[in-house]
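So the protein sequences, as listed, match chains A and B.
Under the working numbering, think of the first position of the first sequence as 1, with each following residue one higher.
Under the working numbering, think of the first position of the second sequence as 1001, with each following residue one higher.
If you're looking for bench data, these hints aren't it; they were derived computationally from the structure.
Even glycine gets a Cβ: it sits at the ideal position worked out from N, Cα and C.
Some chain A residues judged to face chain B by a derived CB distance under 8 Å, without partners named:
1. 418
2. 506
3. 515
4. 519
5. 520
6. 535
7. 539
8. 540
9. 544
10. 548
A short, non-exhaustive set of chain A residues, derived as facing chain B with CB atoms under 10 Å:
11. 58
12. 461
13. 523
DSS-like mimics (lysine-lysine), calculated; alpha carbons at most 27 Å apart, straight line:
14. 159(A) x 149(A)
15. 497(A) x 1365(B)
16. 1211(B) x 151(A)
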Amino acid sequence: MKTSQYFKLSILPLLLCLSLALFAEGDSNGSYDTASQEGTSTNGIDASAFGSLVIQSGGRLKPVDTFARNHLLNISHKSTFDKQSALTWLFDLLINTESAHERKVVQVKNDNVIMALGLSPNKKHAYSIRAISAAMQEKIEDVRKMYDKQKEHRSLVEKKIIDLYSRIDAVYSLSHSLSCLLPSYESDNEYIQKTFNVKAGEKVSLSHFLLQRQTLQEEAKRLSSKEQGKLNEDDQALLGIFRWLDNNQASNTATLLNIIPPPEGFDTKTWSSPWDLMARPHHSAKELQHLTGLENILKAALHNDQAAFDQAIDDFNQNIERPEHMAMELSYNNIDFFYKSLYFYIAAFLVLIVSFIGLKTPLHFLSFFLFFIGTALHGVGLYYRMEILNRPPVSTLYESIIFVGFMISFFCILIEIVKRDGMGIFIATSAGALLHFIGFSYADEGDTMGMLVAVLNSNFWLATHVVTITIGYGAAFVAGIIAHIYLIATIFQPNEKEKHQTILKNIQGTALVALFFTVLGTILGGIWADQSWGRFWGWDPKENGALLICLWLIFVIHGKIAGILGPVSYAANMILVNVCVAVAWFGVNLLNVGLHSYGFTDSIAMNLYRFCALECLFAFVCYFIIKAKLDQHSTKVWIGLNLLNVGIHYYEITGRLSMNILIFCILECVFTFICFFISNTKLNESKG
Amino acid sequence: MEKKSSPPLYLQCASPKIFFFALIWLLVLLIIGTLAQRTMGLHDAQIKYFSSWFTTFYLLPVPGGRLVMSVIFVNLLCKLLFASPWHWKRSGIIITHLGALFLLGGGFITAYFSVEGSMVIPEGGKERFFQDYHLLEIAFITPGEKENDVIAFSGSKVKPGTVIQDSDFPAVLKVKKVINNCKIVMRSQTPSDDLRGLASQYELIETPSDKEGRNNPGMIYSISGLDEVNNGTYIASLSHPEYKTLMMGDKPYQIHLRRLTYELPFTIELLDFQKHVHPGTAMASSFKSIVNVIRGDIPQRVEIYMNHPLRDEGYTFYQSSYMQQAGQEATVLAVVKNYGMLFPYISSIVMCIGLLIHLLILLPKLIQPPKPKATIAGANT
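Generate coordinates for the entire structure from the input sequences, incorporating the hints supplied.
Below you can see the structure in the form of structure tokens.
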């Protein structure tokens, strides 16, 4: 198949994806009643439309649908619960708080935490909010002590318990967000009815009383002037109201649901929660209108009147100026581009594997087609995020994972169009799927669209330095993966020398592309640092990480040019580029020092170490096998390999990443390299 | 048989093997130095591994970052001058190597000739001095006079054994000990007779270096050449200056240990400091200082904010941080004077052009479509 034909054929999926994207856009522009997945709340109402309300959370305006997803992810690490959407869970929590607290929504996977809190272990690791808060209450003194400790002195279990405490606290705060608007008080006392304008037989909410602040104050004054024994029936009823108001007061805590915009003409961009308004003495007419609108929504839900519920939400939304990206964000939530992209990658990978067995050409084309759709969905997802957040594609660790995956796919499309042997599809679908899985594990932590700290708040530098360096990461990964293919091909197809040469050239080509982007990205990063901190280079861990990739690539490329590294050593060392990228990307944040330490995460150390150990092991095992076939000087390599094994076992036994093991591994790498060199030199001498 | 003569020294210096092994050592240093930052702190690790000619690794003396980079610089220079074939096909490589030389050269100029520090200005306040982040000086201050109107003995003189003598005053100061980080505590033992001032009641206890570089350096020094009451041993630290006044000639002096202070050729006045947060959160989205740069009596209004420094007369001012000082906001500006500032900019452009040329020349050869099978068969036959 000629290259031009490939281009023509690739237009087809492009069109398909564009139409998919347009379909998504059109869908979201039309209405917001598809805001979430199917599911009704426990009182039978379909709460989907509730997701279209605008909320201010985490420093930006977003649909309540996103807010619900973030909170459910935060508490359960899942985007749905009991086959219900996050939104349904949230709505249940707001209007059926007691029953929602009984549902097993909280994920606690750490056995030590379960034991420390005295919870009974279960297979699903799921616990109700009620059970956890009861357990926390029993250990409240211990939790306080943990809080008082400095962060760096807390053990892993203590960190997890404090994290769990904060999550439960957030859910409690959320639970009472609309409690002031739920109609729950009924009075048959005529004095109360007359004084507070309550109709007989009608239930009213807390807000009904709290908004009549002046009347409340006058009545309180009147009541306090009376002697306790002389209170009449009306006074007793009034006292009952005060007690009820006092017991249900949540204005200090239930302030997460900021869905009421600031009044016009005020110099503030901060939205308010219903409880914020309750605590305020004066309200604009618009704010009172919003409160009434919310009350209508809740009333309709409690009466199980779907039509009135949807209408009330429509009315509420019409009174609020909606940001432009709202519809787009709802579509982004609904379509879930990255999950769909993952399905296409997996399908493309499987079809490619089948194509090696038979029906090579049509299956190869089908595989490319599926891979292309996966990449397009990946790209459209990134585009949606850029539009929603109004910033370049990469600014957080999560976004860098998604973007590197996309760049790998992009490079591999180019490779596949030129080479047409399935290698591009193989690399992109395996790496793309893996990075998607890593991305999802990050997304499970909660909000992936957070705001940026002040120093990062620069679209110019995010668009240049961060994008360039992540493109470099992507290209380096491609080079590393091709090196894997080279070593495997050398072992299993030892006689196909020409094929090996071609793969070797491909490694060299992608390594040069990676070097270009990583060097450019690193230098741009230095210039950004010069612009914002006053120094081009500060030997900060993140900077050193980027330099590590550049130096390693330079080392491998020059090693080959100087004739010091033979083809097999060259490929084995190129695999270690992946280790360098992983360490620079995730590892340096674990050190938690320097100006770049805003990306700190501490749950990835183990996976990172496993990845690095596996990559090293793969490179060394392959090298050993190939060298054992070629010459008799492999004893030294074997020693190196064994020492590495000792290191890995040491790690497995101690189960933690210590300074000693890292120093050990560095020395190990140096030693093994020397073994390579000696072995190579002897081989060259024997050939000479 | 004629003995093969060894190549001249400059060609030996251009050997790619030198570069290869220097690079390996640089990689090892990079990894060890980065890991050491977790325990030592960024600044100390940088000094020990990257900014030193020699360093130690478990007591074993090994080459430091500066030496390795110098070796790479010389190797690259020799390679470029004497051993690199100048051909258009290699133009990308040559340009890239030139850029790398420029980058390393710039690094040396920055390392030896740049000045870095910070200044704190409260709202409405003016300042024309800034303090070095790390270097110290011993200042003779006359109480009542303006704080910066002093006689100061800079950085290099604050080390054990230094003797300070000046024609302006009869006292002789000898630095006995300098402590990188210390705390000041009440003396546990009965003081000896020669302790004076703060030292008669307190002593300096050495503490490990702060990881963030927030150290409180201290100094033990002796004074001689004055009367019996004032001759003796003194202590001073950054947080606890010695307030005992010594009469030297007809003028009173206090001796302070402080950060090396530089004077600017103009004054900076902070008109307003603004901090913006992301709505509904406490997370800062931007910091901004609105300042007047005053030369003579003429003020010039300038805004300094994140990623937007002020550059004036070779000095660059960055929005670094902010603090509450005496109930009002104060801005913290980082100040840098760097003669090598332009080098990274030029070298980055040169290196990227070089790499791009090399990539464009080489890439079509490296990633090629598969050859038709017939050709392969033909070649085999």
